[in-house]
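Chemist: Based on these hints, arrange chain B on the given structure of chain A.
Here are the chains, one letter per residue:
Number of protein chains: 2
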Amino acid sequence: MVKIAVLGYGTVGSGVVEVLRTNQKVIDERLGEELRIKYVLDLRDFPDDPVQELITHDFEDIVNDDEVKIVVEVMGGIEPAYTFVKRSLEAGKSVATSNKALVAKHGAELLRTAKEKNVNFLFEASVGGGIPILRPLHSSLTGDVIEEITGILNGTTNYMMTKMFYEGADYDEVLEEAQDNGFAERNPEADVEGYDACRKIAILSSIISGKQVDFEDIYCEGITKITAEDMKYAKAMGMTIKLLATCKRDGGKLNAMVAPCLLRAEHPLFSVNGVFNSIFVHGNMLGDAMFYGSGAGKLPTASAVVGDIVEEARNLDRNLGVMWSSEKLTLEDRRDVERRFFVRVKGDREELQEQVAAVFGMVQFVQAEGLSGEFGFVTEEMPEGSYEEKAERFGGQILGMIRVEE
Amino acid sequence: MVKIAVLGYGTVGSGVVEVLRTNQKVIDERLGEELRIKYVLDLRDFPDDPVQELITHDFEDIVNDDEVKIVVEVMGGIEPAYTFVKRSLEAGKSVATSNKALVAKHGAELLRTAKEKNVNFLFEASVGGGIPILRPLHSSLTGDVIEEITGILNGTTNYMMTKMFYEGADYDEVLEEAQDNGFAERNPEADVEGYDACRKIAILSSIISGKQVDFEDIYCEGITKITAEDMKYAKAMGMTIKLLATCKRDGGKLNAMVAPCLLRAEHPLFSVNGVFNSIFVHGNMLGDAMFYGSGAGKLPTASAVVGDIVEEARNLDRNLGVMWSSEKLTLEDRRDVERRFFVRVKGDREELQEQVAAVFGMVQFVQAEGLSGEFGFVTEEMPEGSYEEKAERFGGQILGMIRVEE
Numbered sequence: 001m002v003k004i005a006v007l008g009y010g011t012v013g014s015g016v017v018e019v020l021r022t023n024q025k026v027i028d029e030r031l032g033e034e035l036r037i038k039y040v041l042d043l044r045d046f047p048d049d050p051v052q053e054l055i056t057h058d059f060e061d062i063v064n065d066d067e068v069k070i071v072v073e074v075m076g077g078i079e080p081a082y083t084f085v086k087r088s089l090e091a092g093k094s095v096a097t098s099n100k101a102l103v104a105k106h107g108a109e110l111l112r113t114a115k116e117k118n119v120n121f122l123f124e125a126s127v128g129g130g131i132p133i134l135r136p137l138h139s140s141l142t143g144d145v146i147e148e149i150t151g152i153l154n155g156t157t158n159y160m161m162t163k164m165f166y167e168g169a170d171y172d173e174v175l176e177e178a179q180d181n182g183f184a185e186r187n188p189e190a191d192v193e194g195y196d197a198c199r200k201i202a203i204l205s206s207i208i209s210g211k212q213v214d215f216e217d218i219y220c221e222g223i224t225k226i227t228a229e230d231m232k233y234a235k236a237m238g239m240t241i242k243l244l245a246t247c248k249r250d251g252g253k254l255n256a257m258v259a260p261c262l263l264r265a266e267h268p269l270f271s272v273n274g275v276f277n278s279i280f281v282h283g284n285m286l287g288d289a290m291f292y293g294s295g296a297g298k299l300p301t302a303s304a305v306v307g308d309i310v311e312e313a314r315n316l317d318r319n320l321g322v323m324w325s326s327e328k329l330t331l332e333d334r335r336d337v338e339r340r341f342f343v344r345v346k347g348d349r350e351e352l353q354e355q356v357a358a359v360f361g362m363v364q365f366v367q368a369e370g371l372s373g374e375f376g377f378v379t380e381e382m383p384e385g386s387y388e389e390k391a392e393r394f395g396g397q398i399l400g401m402i403r404v405e406e
Numbered sequence: 001m002v003k004i005a006v007l008g009y010g011t012v013g014s015g016v017v018e019v020l021r022t023n024q025k026v027i028d029e030r031l032g033e034e035l036r037i038k039y040v041l042d043l044r045d046f047p048d049d050p051v052q053e054l055i056t057h058d059f060e061d062i063v064n065d066d067e068v069k070i071v072v073e074v075m076g077g078i079e080p081a082y083t084f085v086k087r088s089l090e091a092g093k094s095v096a097t098s099n100k101a102l103v104a105k106h107g108a109e110l111l112r113t114a115k116e117k118n119v120n121f122l123f124e125a126s127v128g129g130g131i132p133i134l135r136p137l138h139s140s141l142t143g144d145v146i147e148e149i150t151g152i153l154n155g156t157t158n159y160m161m162t163k164m165f166y167e168g169a170d171y172d173e174v175l176e177e178a179q180d181n182g183f184a185e186r187n188p189e190a191d192v193e194g195y196d197a198c199r200k201i202a203i204l205s206s207i208i209s210g211k212q213v214d215f216e217d218i219y220c221e222g223i224t225k226i227t228a229e230d231m232k233y234a235k236a237m238g239m240t241i242k243l244l245a246t247c248k249r250d251g252g253k254l255n256a257m258v259a260p261c262l263l264r265a266e267h268p269l270f271s272v273n274g275v276f277n278s279i280f281v282h283g284n285m286l287g288d289a290m291f292y293g294s295g296a297g298k299l300p301t302a303s304a305v306v307g308d309i310v311e312e313a314r315n316l317d318r319n320l321g322v323m324w325s326s327e328k329l330t331l332e333d334r335r336d337v338e339r340r341f342f343v344r345v346k347g348d349r350e351e352l353q354e355q356v357a358a359v360f361g362m363v364q365f366v367q368a369e370g371l372s373g374e375f376g377f378v379t380e381e382m383p384e385g386s387y388e389e390k391a392e393r394f395g396g397q398i399l400g401m402i403r404v405e406e
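Keeping their order, the protein sequence lines are chains A and B. Residue 33 in the working numbering sits at position 33 of the first sequence, with consecutive numbering throughout. Residue 66 in the working numbering sits at position 66 of the second sequence, with consecutive numbering throughout.
Pulled out of the complex, with its shape left as it was, chain A reads as follows (with noise of 0.2 Å):
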């Protein structure tokens, strides 16, 4: 019998209890032995849940506890979520969480410390929720370089965002609802501004390149400047706009950023909608692929982590190997990569387009329904740097700009 302990009985971690105990029959079958939770660590009591017999107050319990192979930690933020994991390693238990915040910053020494003690830290849950992807990069994408990863890593403004698209309605308005159907936190700043995505493909990043991506390195812009109008541009040039967080090889660098891009139709991340998530991952061997699902949610979280569970279940006693050094990765500078832009002017078209054509050069002109008194174009590809160069040099009044993902 492997016998566990769950950190935190909050959503995920509850979720984790009812995949162990309405999935217990196969997850042993499949593990060929019993795998049950020996503790449940929380402030709170619990007295009309059974899990109330396995509450305990003090993580000590756990940590000194050698029956215990696998501790799960779902308590979220870095404090005292990071002691905990750590002192667990250490006593020589695997370890595995669905907390991004965590592995962002301190992965790297985790899997250190992991190997060291010849046990596992897994933190699928991490990303992409319920979508299996940080294993299939370590165990099936093994014969490919891998060149590109974008992502639509949030439910919530990817709820906003299809609603904006198929609805017409603006920011505001979407914001509201989707805070009143659950969807958005009261504060919704960790979604709209990007920054839960950031953390996601800054542990992609590391991943794929094997080094520390600092979230804090990666370029972030959110989804609070995405108008109706912008919406009604991307519509007349048969696109959309996501809020993608990328991550590309381009010569011997990498670039990585969070952005509203606009995407066409053609794009496999183009139909994603509402809450769920995907992950685009362009491989040198095996072209594109992409892992579509619910990227958050008490169960398909849970599933992950009780994933991450089973698989260490399966390997105590011996390292994984993930790869993730504490070398820092200096990122490709932004203004370095090259792209597309559409860039919105106030103003009218016919007026100004021998100065658009002065400053930008080649450039596609694109009018949008019932928009008048401004127009939008998309610039030929272009250094991120030389746009701005651009942009400041151009008389007229820009409106707003949106990068273009092909």
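Hints were generated in silico from the structure; no laboratory data involved. All of these numbers come straight from a predicted model, not from anything done at the bench. By construction, the Cβ of each residue, glycine as well, lies at the ideal position given by its N, Cα and C atoms. Be a bit skeptical, because a hint or two may be false.
Unchecked claim - Straight line, CA to CA, 30 Å or less: simulated BS3-like cross-link-like pairs of lysine-lysine:
#1 25/B with 115/A
#2 232/A with 105/A
#3 25/A with 248/B
#4 25/B with 248/A
#5 105/A with 25/B
#6 115/A with 3/B
#7 117/B with 25/A
#8 115/B with 117/A
#9 117/A with 25/B
#10 25/B with 253/A
#11 25/B with 211/A
#12 3/A with 115/B
#13 3/B with 211/A
#14 248/B with 298/A
Stated by the list, open to error - Label-pair ranges, simulated between beta-carbon atoms:
#15 63/B with 330/A: 47 to 55 Å
#16 33/A with 214/B: 24 to 32 Å
#17 179/B with 330/A: 46 to 54 Å
#18 339/A with 382/B: 49 to 57 Å
#19 396/B with 339/A: 57 to 65 Å
#20 179/A with 177/B: 44 to 52 Å
#21 319/B with 34/A: 18 to 26 Å
#22 28/B with 83/A: 51 to 59 Å
#23 235/A with 80/B: 53 to 61 Å
#24 396/B with 179/A: 34 to 42 Å
#25 25/A with 328/B: 16 to 24 Å
#26 330/A with 64/B: 32 to 40 Å
Modeler: Just chain B now, kept in the frame of chain A:
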């Protein structure tokens, strides 16, 4: 250093050599040691290809060489592939294969042999080409009871269905074009009759049930009867038609089928177009997930084979425990499976609608643009046996029936 042998220098075999050579450096890094090809078995010589120095015409060279730890079977067909794979496993070598016919027929037995010899038999490339699906099922979705797998598992037929949907072309036209473009064989039977998809869903059904599902037991209907008119009805209903291979849990039983099905626009498989494949998975905890990518092609398939090789090289002398016993699974009778049916009828709707209602009960009538002298309707959900009995009883002339995938 881990030494391997490749059986067959055809499309996939030369792809495997190319992947290993192109990505040699990263593969060695991930593995932590060098992975090198010692032999390539082929009846032919390749005097102008650097592979020539590795060519042997004699399988005995390989099976008797203790240095060879992994054998890669990419010859296709049942014999001599089966004999070579069996003897390699018995000699204590792991085997990776892309051969769906071999796996569908002998998978359970070869997995047992691998287990007895404490080596591995992996076959990721046999289903969905480059798409990682078998290892995610085995290593990631282990907390779930998989309740459904529905896939677009054949690129040729999906290319044809896509053309028929978007261009309104008829079957013979798109088949000819697919043949001219090299997307369909001159003898297209294995694709268009659904045989290829059938072997793949048999493998997936075996994997999720842990028992032997024989492809001969799976009801298999190809796309040869799908017409431009059918697509018009699909469009009128806001749906499309795809060749689906599906396996579902229904109470204690499993049902499986390959058939063209009507698919609503909200289904994740709706927008999988062209030669791409995609596999939709529903887990009782995970909810909906989908895996998308190139289902065939030299390099994507080779990429999946190399992923298996690396996994085997990491696990020499350690069986990964893929479960699939030889015990035969009896599938649910097709006639007991409940669904809705779209029916096309020759004649005048006004005249026949009472007769339709008398036999089929409540139905939704469908009129497609530009079609006269016929009409369509969709039944309520009913067992396929009931549908067949009603269709026989119905006096009118039924032009065709297509199942509706919900």
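Chemist: Check each numbered hint against the structure and report the violated ones by number, ascending.
Modeler: Structure breaks hints 2, 22, 24, 26.
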